[in-house]
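Asks: Each chain is listed here by its residues.
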Amino acid sequence: MKDIIVNDLKEFFRDKSSLFFTIFFPIILVFILGNLLEMWNNSETIVGELNIAYYVDSNDDYKVKSIEQFLKGLEKDEAISLKKLEKLENSANQYDSIIALSGSPMEVTLYKGDDDTKNNTINAIMSSYLELNDKINYVMSKNNNQIPEITFKDEYISPKNLGTNRNMIDYYAVTMTVMIVFMTGGIAGSESFQSLRKNNTIDRLIISPKSKLSIFIGKMIGFSPMIFVQLAVVMFVSWKFLKANYAASFLGNIRLIMMLIALSYALISFSSFLGILFNFRTQAIMMPLMWVTMFFGGTFSREVYVEKITPLMPPYIVQKAAFDLINFNRFELVNKITVVSLILFVTFTLTGGYIFSKRRETA
Amino acid sequence: MNEFVVIKNLIKNYGDFCAVDNLSFSVKKGEIFGLLGPNGAGKSTTLNAITMLSDFSKGEISIDGMNIKTDYQRIKMLIGIVPQKIALYDHLTAIENVKFFASLYGLKGKALLLAAKEALGFVNLSEKSNLKPRQMSGGMLRRLNIACGIAHSPKLIIMDEPTVGVDTQSREHILESIKILRSRGATIIYTSHYMNEVEEICDTIAIIDKGRLIASGTKEELVSLVTNLKTVKIQTILNSDFNKDSFIKQMSALTHVKHIRIQENDVIKIDLSLECDDLTFIFDKISEFGLPFISVNSDVPDLDTLFIALTGKEIR
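Residue numbers (the working numbering), protein chains in the order written: chain L, 2 to 364; chain G, -14 to 301.
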């Protein structure tokens, strides 16, 4: 087996196309996609100043006063300005949003402007008021219609930094790493046995006294340099040159890399298994499969999310595990994927080796 | 000489198609055994069965007294193969290729290096040991292909058309090398489309067609089977306008003409029935095609004649 592994290592490091796809292609991908996608998908959305107006046409004084007090409270934020309108007509273009309080019992109508971000922000503000109101009513009903004295001061909420300053390149660093793992893992294995058939060396290997299982396992292990070099290149380049952040801790990064390595082996063993099973170029199966799962898995854009489909895509699950780890230091999903990948690797390697040992390559 | 390879009642079916039909023959230790047959005759299937590349439906194969079904691991150590297609790693040098394939047979360290160097020297590639396959000519690749198959000193070497597409010089070198391997005690099973090669180096020849053995023996024994034919060999010059198909069709229609073939060196070989005692009509027909007569010889039937007489086909 050692001879086969050493032979594969030599072949790998001397094959310019392998080196290109292992080292230079990921670098190019990281730079081009990383920069391009970051521009298109900015993680920071600036809401800007909120220019809100409200208009009252209701006799439900208690409710009107309650909302007015709430809205006036918003003015503590310098970015929010509030104006009470005498009439609704001809005011539409002057404000980001107009809140109309009308009827008895009072109803609230929210007139939205053109800016979706501002609309969503104002909608969230009003929704939080209604939620708060509900809670107060509930507490009063349990407390003889008395509001207990609960005092919050402004400084009660103290903003703190989350730690790592996350940006979109962090998202793409993870998704691109996952993409590289899926692409090369999905293709390399099937290509491996095709190349043996292509250069006719497979017959010499089979005729030799080496067991076919050891040949198969040797080929699997022979992929190690490709896996390690590729992961190292992608992660180093995106960290060093694009300032991408992976896990905050050393242990977190080790766990992340372990998951990706285990996943690479699982994918390679799966594609090798297909390569043994079918005599045609199984890249024809693997390539579209990988691209489709990555597309629906949100690898190429965070905007792609299709309910009931995206959460089932393996790239999505792996990316989610990676984000869980690097953002929240949660290891559960990473551990699960690592273990499942290793089980798949062993299963496909043994099954592939068994099929290889039983299968006759030539007529 | 005792029998080194024995094949008894070998049958290989692919569904309803019988590729090898009750084939039996034996190869003596230390001989070069030529296996001939037209395309699809079952040569490759037989070789694949001997090398254990493919299974067979029925029958028995033994090598050096061991059954390949039960002693396959020991038998594998005895076999070296030189496949028809060049089977080399593109990114390894010549010596690395030879070392790798020899290492599969348990050779290690200095012994491995020595074996690889000896194999390369044997095929006259010592000076090219650091070249990679893509830097080599077709003839050199063929020789390297042989080196990879013999470096572990196999007792049985299976050579499947090892001279395809090589220049005359390389071919001569390869044929001489094969004779040397025999003199060192190796048993060789050799297939080729080049009848003259088989005539030159093989001690025993077997002709198979449609999966069956139709003749076997030494060259002389086989040629003696052709008792009802005589051969006329005409050296001519074929020009670019020459219509080979039409020529063969018209010649074959003549009385007494049994087979006709045109060789690469512009030699027309015509097998005639023994009753034919006047060749004028043949010369007249050839003249109609405007072909000059450089020389005309009466020849004894050769393997070519035998092959066509037995199989009804040319070997290629």
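Where hints are given, some of them may not hold.
Unchecked claim - To give an idea of the chain G side of the interface with chain L (calculated C-beta under 8 Å), a few residues:
no. : residue
1   : Phe10
2   : Gly25
3   : Phe85
4   : Leu89
5   : Tyr179
These aren't lab readings, by the way, just hints derived from the structure by calculation. Because the structure is a prediction, the values reported are computed rather than measured. Even for Gly, the Cβ is constructed at its ideal location relative to N, Cα and C.
Asks: Next step is simple, just say for each hint if it's right about the structure.
Replies: Do the hints match the structure? See the list:
no., hint, in the structure
1, Phe10, "20 Å, violated"
2, Gly25, "11 Å, violated"
3, Phe85, "5 Å, holds"
4, Leu89, "4 Å, holds"
5, Tyr179, "21 Å, violated"
Hint check: violations occur at hints 1, 2, 5; the rest are consistent with the structure.
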